[in-house]
Amino acid sequence: DAGVIQSPRHEVTEMGQEVTLRCKPISGHNSLFWYRQTMMRGLELLIYFNNNVPIDDSGMPEDRFSAKMPNASFSTLKIQPSEPRDSAVYFCASSSSGLATGELFFGEGSRLTVL
Amino acid sequence: QKEVEQDPGPLSVPEGAIVSLNCTYSNSAFQYFMWYRQYSRKGPELLMYTYSSGNKEDGRFTAQVDKSSKYISLFIRDSQPSDSATYLCAMRGGTGGSYIPTFGRGTSLIVHP
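Heads up: the protein sequence lines correspond to chains A and B, in order. Heads up: the first sequence begins at 1 in the working numbering, then just goes up one per residue. Heads up: the second sequence begins at 1 in the working numbering, then just goes up one per residue.
Chain A with its partners taken away, still in its complex shape:
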């Protein structure tokens, strides 16, 4: 079975450019999460969706960040304009409310470097 698929795996861009990260969750999962991971702060929840609806975006750093989930099989995280402090690994994860463990299934991440 295919897991959570993220693209691109690596992105190097210059300050001020727009960055779009993409995620395809596991089929049948109804929750989707965007996390950011850095050495200093660890894994931070940015936003999560339930049944394609954004439930909590309090972790989104500022207005430069936006996320969408137009359907159950696709989500994007956009940064515009990007800044060097946005450099991090961004993870998408999905889950199903039917799982007793509440396990999150993570993609392999998108490593973003903003110069």
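It is worth saying that the hints were derived from the structure and are not from the lab. Careful: at least some of the hints might be erroneous.
To be verified - Lysine to any residue pairs mimicking SDA-like chemistry, simulated, CA-CA at most 20 angstroms apart:
| hint | chain 1 | residue 1 | chain 2 | residue 2 |
| --- | --- | --- | --- | --- |
| 1 | B | K42 | A | A2 |
| 2 | B | K2 | A | P8 |
| 3 | B | K2 | A | L46 |
| 4 | B | K56 | A | E103 |
| 5 | A | K78 | A | V12 |
| 6 | B | K67 | B | S52 |
| 7 | B | K67 | B | T50 |
| 8 | B | K42 | A | M39 |
| 9 | B | K42 | A | S58 |
| 10 | B | K42 | A | V53 |
| 11 | B | K2 | A | V12 |
| 12 | B | K56 | A | T101 |
| 13 | B | K42 | A | F105 |
| 14 | B | K2 | A | G42 |
Unchecked claim - Here are some chain A residues the structure puts well away from chain B; computed CB gaps all over 10 angstroms:
| hint | residue |
| --- | --- |
| 15 | S7 |
| 16 | E18 |
| 17 | M60 |
| 18 | E83 |
| 19 | R111 |
All C-beta atoms, glycine included, are put in the ideal place defined by N, C-alpha and C.
Given the coordinates of chain A, work out where chain B should sit on it, guided by the hints.
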């Protein structure tokens, strides 16, 4: 103070050693306790899952929860170089509480041959 505290390490041990990884937390509403393992340049994967207090064993791994002390541990027996990874604790509330897990920063473990 963060809700979940975890020493980032790194923790370096020789092959065959017993490893103890720990987290403390402040939110008494947490009911579910998890350990995720993250290999380099990969996403975290669920390793162990425990509900409420007590121990749970799975092969060489034992998860321990002490809710009275707000302290959880992961023990790895007979550690192997393949255990080298970052281990993140995670926890969440039960019924009526948030089902979104709160993660620790992760402890980097290096098992050298």
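Evaluation of the provided hints:
1. Restraint check: the Cα-Cα separation between B:K42 and A:A2 comes to about 15 angstroms, which is no more than 20 angstroms; the hinted pair holds.
2. For the proposed pair B:K2 and A:P8, the alpha carbon gap of about 31 angstroms is over 20 angstroms, so the pair is violated.
3. As the CA atoms of B:K2 and A:L46 are separated by approximately 17 angstroms, the hinted pair is consistent with the 20 angstroms bound.
4. Of the pairs offered as hints, the one joining B:K56 and A:E103 holds, with about 17 angstroms between alpha carbons and a cut-off of 20 angstroms not exceeded.
5. The straight-line distance between the Cα atoms of A:K78 and A:V12 is roughly 14 angstroms, inside the 20 angstroms bound, and the hint therefore holds.
6. Note on B:K67 and B:S52: the hinted pairing holds, with a Cα-Cα distance of about 7 angstroms set against a maximum of 20 angstroms.
7. Straight-line distance between C-alpha atoms of B:K67 and B:T50 comes to about 12 angstroms, which keeps the hinted pair within the 20 angstroms bound.
8. Between B:K42 and A:M39 the CA atoms are separated by roughly 15 angstroms; this keeps the pair inside 20 angstroms, and the hint holds.
9. In summary, the hint linking B:K42 to A:S58 is not supported, as the alpha carbons are separated by about 26 angstroms, beyond the 20 angstroms threshold.
10. For the hint pairing B:K42 with A:V53, the CA-to-CA distance comes to about 27 angstroms; that exceeds 20 angstroms, so the pair is violated.
11. Pair hint B:K2 plus A:V12 does not hold up; C-alpha atoms about 31 angstroms apart against a cutoff of 20 angstroms.
12. The suggested pairing of B:K56 with A:T101 holds, with an alpha-carbon distance near 14 angstroms, which does not exceed 20 angstroms.
13. Our distance criterion of 20 angstroms between C-alpha atoms is met by B:K42 and A:F105, whose separation comes to about 12 angstroms.
14. Simply put, B:K2 and A:G42 have alpha-carbon atoms about 12 angstroms apart, close enough for the 20 angstroms limit, and the pair holds.
15. With a least CB separation of 14 angstroms from chain B, A:S7 remains clear of the 10 angstroms interface cut-off, as annotated.
16. At roughly 24 angstroms from the closest C-beta of chain B, the C-beta of A:E18 stays outside 10 angstroms, upholding its exclusion from the interface.
17. With a cut of 10 angstroms on Cβ distances, A:M60 stays outside the contact zone with chain B, its closest approach being about 15 angstroms.
18. The beta carbon of A:E83 is kept farther than 10 angstroms from every beta carbon of chain B, the shortest such distance being approximately 23 angstroms.
19. Non-interface status of A:R111 relative to chain B is broken: a Cβ of that chain comes within 10 angstroms, the nearest being about 8 angstroms off.
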